[in-house]
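Chemist: Here are the chains, one letter per residue:
Number of protein chains: 2
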Amino acid sequence: MARTKRTFWRYLPILVWGRSYDRAALTSDFVAAVIVTIMLIPQSLAYAMLAGLPPEAGIYASIAPILLYAVFGSSRALAVGPVAVVSLMTAAAIGQVAEAGSMGYAAAALTLALLSGVMLMALGLLRLGFIANFLSHPVIAGFITASGLLIATSQIKHILGVPAGGHTLIEMLGSLAAHLGATHLPTLVIGVAATVFLFWVRKGLKPALVRLGLGPRSADLVAKAGPVAAVAVTTLAVWALGLDARGVAIVGAVPQGLPPLTLPDLSPDLLAKLVLPAALISLIGFVESVSVAQTLAARRRQRIDPDQELIGLGAANIGAAFTGGYPVTGGFARSVVNFDAGAETPAAGAFTAAGLAIAAVALTPLIFYLPTATLAATIIVAVLSLVDFSILRKSWAYSRADFAAVLATIVLTLGLGVEAGVSAGVLISIGLHLYKTSRPHVAEVGLVPGTQHFRNVLRHRVVTSPKVLALRVDESLYFANARFLEDLIQDRVAADCPIEHVVLMCPAINEIDFSALESLEAINERLRGIGIRLHLSEVKGPVMDRLKRSHFLDTLNGRVFLSHYDAWMALTGGQGAMPTAAQASPSG
Amino acid sequence: MARTKRTFWRYLPILVWGRSYDRAALTSDFVAAVIVTIMLIPQSLAYAMLAGLPPEAGIYASIAPILLYAVFGSSRALAVGPVAVVSLMTAAAIGQVAEAGSMGYAAAALTLALLSGVMLMALGLLRLGFIANFLSHPVIAGFITASGLLIATSQIKHILGVPAGGHTLIEMLGSLAAHLGATHLPTLVIGVAATVFLFWVRKGLKPALVRLGLGPRSADLVAKAGPVAAVAVTTLAVWALGLDARGVAIVGAVPQGLPPLTLPDLSPDLLAKLVLPAALISLIGFVESVSVAQTLAARRRQRIDPDQELIGLGAANIGAAFTGGYPVTGGFARSVVNFDAGAETPAAGAFTAAGLAIAAVALTPLIFYLPTATLAATIIVAVLSLVDFSILRKSWAYSRADFAAVLATIVLTLGLGVEAGVSAGVLISIGLHLYKTSRPHVAEVGLVPGTQHFRNVLRHRVVTSPKVLALRVDESLYFANARFLEDLIQDRVAADCPIEHVVLMCPAINEIDFSALESLEAINERLRGIGIRLHLSEVKGPVMDRLKRSHFLDTLNGRVFLSHYDAWMALTGGQGAMPTAAQASPSG
Chain A
1 MARTKRTFWR YLPILVWGRS YDRAALTSDF VAAVIVTIML IPQSLAYAML AGLPPEAGIY
61 ASIAPILLYA VFGSSRALAV GPVAVVSLMT AAAIGQVAEA GSMGYAAAAL TLALLSGVML
121 MALGLLRLGF IANFLSHPVI AGFITASGLL IATSQIKHIL GVPAGGHTLI EMLGSLAAHL
181 GATHLPTLVI GVAATVFLFW VRKGLKPALV RLGLGPRSAD LVAKAGPVAA VAVTTLAVWA
241 LGLDARGVAI VGAVPQGLPP LTLPDLSPDL LAKLVLPAAL ISLIGFVESV SVAQTLAARR
301 RQRIDPDQEL IGLGAANIGA AFTGGYPVTG GFARSVVNFD AGAETPAAGA FTAAGLAIAA
361 VALTPLIFYL PTATLAATII VAVLSLVDFS ILRKSWAYSR ADFAAVLATI VLTLGLGVEA
421 GVSAGVLISI GLHLYKTSRP HVAEVGLVPG TQHFRNVLRH RVVTSPKVLA LRVDESLYFA
481 NARFLEDLIQ DRVAADCPIE HVVLMCPAIN EIDFSALESL EAINERLRGI GIRLHLSEVK
541 GPVMDRLKRS HFLDTLNGRV FLSHYDAWMA LTGGQGAMPT AAQASPSG
Chain B
1 MARTKRTFWR YLPILVWGRS YDRAALTSDF VAAVIVTIML IPQSLAYAML AGLPPEAGIY
61 ASIAPILLYA VFGSSRALAV GPVAVVSLMT AAAIGQVAEA GSMGYAAAAL TLALLSGVML
121 MALGLLRLGF IANFLSHPVI AGFITASGLL IATSQIKHIL GVPAGGHTLI EMLGSLAAHL
181 GATHLPTLVI GVAATVFLFW VRKGLKPALV RLGLGPRSAD LVAKAGPVAA VAVTTLAVWA
241 LGLDARGVAI VGAVPQGLPP LTLPDLSPDL LAKLVLPAAL ISLIGFVESV SVAQTLAARR
301 RQRIDPDQEL IGLGAANIGA AFTGGYPVTG GFARSVVNFD AGAETPAAGA FTAAGLAIAA
361 VALTPLIFYL PTATLAATII VAVLSLVDFS ILRKSWAYSR ADFAAVLATI VLTLGLGVEA
421 GVSAGVLISI GLHLYKTSRP HVAEVGLVPG TQHFRNVLRH RVVTSPKVLA LRVDESLYFA
481 NARFLEDLIQ DRVAADCPIE HVVLMCPAIN EIDFSALESL EAINERLRGI GIRLHLSEVK
541 GPVMDRLKRS HFLDTLNGRV FLSHYDAWMA LTGGQGAMPT AAQASPSG
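Top to bottom, those sequences are chains A and B. Residue numbers for the first sequence follow our numbering, so the first one is 1 and each next one is one higher. Residue numbers for the second sequence follow our numbering, so the first one is 1 and each next one is one higher.
Bound conformation, chain A alone (with noise of 0.2 Å):
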């Protein structure tokens, strides 16, 4: 495949896309940004208090980042902006150094985005975009479980109309528990209604319009529509009804006008408090952001570019710092609304930016009577969709070591919180693999009668002889299980006497790190010092490249055999027992 030239202009792919740009890929980005920018409003909104934030913060966050990622981005369809689980960790790490609502806070979830912008930005100019990888799938399937059921909790005090708290799913629920006695009724009844009927929208709505004679797509694109909808009705019914004075929390005067420009507090202090969290979001965000987008492209037989996504995301954040916005990502509802809805570039993501400026001017006076409850019905609606907790299920089938890793996440996360949960998430997967390859499968192997091939003495009828100890090791050999290598063998030759070969049969050995040449270094002097030889079969080309850069073949106390059988012949003359089952070792 031809690959782009490292030149300055590939960080730019909007000169690849904007040279072919025509009237028709214009009248269908148009059309989906008219429809994600309908949905994005109260969305917006909502995620914004979720963060913790005045509600036009959630509006900014989305302007300027998804202007900058359609400059910077390699996605089509990716629409950037706040998401839930961000806006989760964000109320989390900023609740650590500032007081929810004070000015600190704003101008911490400032720093966080700017933070978060320049390490992805520079992972992104590195290439580094790997990094990611070391989350694994059921760590993350788990912790957005947790998180979504997490952010789901948060949002019934509103429902309630309690002032509840807690971070942890314990701490919620205890403070939810002890304020129920002092539930605000009418904020109640908006808050169920609204979540009943979101709930209805979702699941309901799309059939009854299907029945309706709408098309699938238009019904789906409508439903999308529904928590307008929501938005609408209850804010007429609480000016109409005078509830905001009956009690009833309501969003109030939001500032009208394009996003401002802003600076980030950059105190030394506050940036090393930051620097953790900042690595853990821009950690998750990416992965998701990428997982959506990689989903897209695929659709249309397009691909992304990891690097270049960690670019536009960067790009995305640091818009977000110097306009009022807080920490975005790729959304995975509102970029699959925006490729149902038939986006072809990201120009469609410029003019929803254009379509949410629009907003940020002319209607945020529309919005003082939304009741918060409304915003939190919408919240616990879209995060639910999220928990899915059959990872656990399918992950123990699979692997328990899988399993272990999910479940850890999910527990920590819901005990200890989102950065807790990300981060022993990460830690685990890494352990887990680092156990699993420290002590690989070693197969003591025999020939099997009338042919050339040898297979596991505990699995098959195989010959073999007291003379030679063959041992097939299944994993490339690397510094944390080079040392079970050398107790392995020290064990079965310390164990049995008449052994005088041993031969290490390498077709699955992809690697031999330093510490595993040092090992067989040190196997290899051992064996010499009580007259017992060491072979290698079947060493691959590069990991035999790689030996012969290093003196170990001059000292190797045997022969390095093309094939097995070859080791076989030689060492044996082609003489050997057959083994009983009970005969074969343990070990092997």
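Heads up, a few of these hints could be off.
Where chains are identical, the list cannot tell them apart; a pair therefore holds if satisfied intra-copy or between any two copies.
EDC-like, lysine to aspartate or glutamate: derived pairs with alpha carbons at most 20 Å apart [unchecked claim]:
#1 K436 x D307
#2 K436 x D545
#3 K203 x D340
#4 K203 x D388
#5 K157 x E500
#6 K206 x D545
#7 K548 x E521
#8 K157 x E99
#9 K540 x D554
#10 K436 x E486
#11 K203 x E486
#12 K540 x E521
#13 K436 x D487
The set of hints was computed from the structure by calculation and includes no laboratory data.
Given chain A, work out where chain B should sit, using these hints.
Modeler: Frame of chain A; chain B shown alone:
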């Protein structure tokens, strides 16, 4: 091989060798103990000074720990006690929580030993000895070399007789340069004379003794007593010439008596500060000790049990904590001397402990006039033998990744200190391993004409078909490389339109974790969406067993072929074209 039953008794290796203990073993052990005791007295005093502790702490740290290791340890020849690197790490750890020479300082050393002992024992009981494998060999070699340099540099102030300080190489050199003018001449003369003498003992005495007719082994053992001679001569010189009154620093009054019963400080604040240093000390101490024990055991075709070693070292450290000592481990020099002097069982250690107890009771008044410059000379000569920069050359020749890890470890240890150095070494080793396996070698393969073998299209002249993309992945599939494979396949099929089949050839895949399974499912779905079929070939038995526990095989768009040749015949009917090298794809 027969495995010991998992009962309580398996934790007491003394029951194995104790039963067959006889007079011949007693004699061998006794002789070895006398030699080791003579060697250990100056060494223990010196390492205590290196750790910033009073000299008796070094003696105490050699008594109870040796006895406890004799009961619980699995190595027959390992000698446990203070060692250079762990002493330096102790000084670095405690220096952060207490003033050197204060009461709190010695108490913190006890806490550090207790924490380290509890950690080691817990790891042993949980059979988690594999954790030591997370330190790669080149990282250990780099760390030991850098520590040796740091330790030698830290002792120069005692040779010069100046109060210099600093924890990193640059700080130390800067402080030494600033104090150079205040060099104390009599101290310098003693220090330089002792250093030159000890270097000569190490390099020149043994050949001289051999020329005089002594056997090489005896000559070696006599040479080990060199430090005792240096101690005796310089102590007499200070006493006879009254040099202490002229400003030569001396050891002074050392309490006479058996090790005291001490209680470590268990305040939560102190424990929290010492947890990480204790973990690093445990890790380094265990790795050093196990490699010494393994080397010695191999020479007599014995075996050691790494998990039992953890228990033995844990018991030794807990013993040190309650008897006025500080963190200990199995030392290289003392163990080799013990082994070469003929020690057959851990009883030699018990006799050594008795010898040191006698020294603690009777000999401490004799070292009142011992100059600290002599102890510094002992340390410098001992640790410079650890310094070996050849690891840089060797790892560079073999693998750039290993070289990067060792260079970073050396630079960070010298520049930021031992804790930063070893932490960075662990993280870099793991990071590089993940990086390497996250971009596995994937070869596009074709049929070698006239055979049933398939080889890389870039290295061999092979037959391929434009309809079939056959990829051999030379690495297990897991979370760190799952996305890489997704990207790679998507790039290839997006670039190459005639492809109808993608075949993954899996002989080198030893594991597919849940993340990789989901990636395979995603690849399958995406290929299905654009009308391409995904097939697998040569899947290993255990991998296939696991795949059968998921739904992947039910949803697989193509087939699973036993051999890749079967796949080739089924998908192409044996028809293919011979590509030139230029037609071959550079991504394969």
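Chemist: Determine for every hint whether it applies to the structure shown.
Modeler: Going through the hints against the structure:
| no. | hint | in the structure |
| --- | --- | --- |
| 1 | K436 x D307 | between (30 Å within a copy, 17 Å between copies) |
| 2 | K436 x D545 | between (27 Å within a copy, 17 Å between copies) |
| 3 | K203 x D340 | within (18 Å within a copy, 80 Å between copies) |
| 4 | K203 x D388 | within (17 Å within a copy, 70 Å between copies) |
| 5 | K157 x E500 | neither (75 Å within a copy, 55 Å between copies) |
| 6 | K206 x D545 | neither (62 Å within a copy, 42 Å between copies) |
| 7 | K548 x E521 | within (14 Å within a copy, 40 Å between copies) |
| 8 | K157 x E99 | within (18 Å within a copy, 52 Å between copies) |
| 9 | K540 x D554 | within (18 Å within a copy, 34 Å between copies) |
| 10 | K436 x E486 | within (17 Å within a copy, 23 Å between copies) |
| 11 | K203 x E486 | neither (60 Å within a copy, 32 Å between copies) |
| 12 | K540 x E521 | within (19 Å within a copy, 29 Å between copies) |
| 13 | K436 x D487 | within (16 Å within a copy, 25 Å between copies) |
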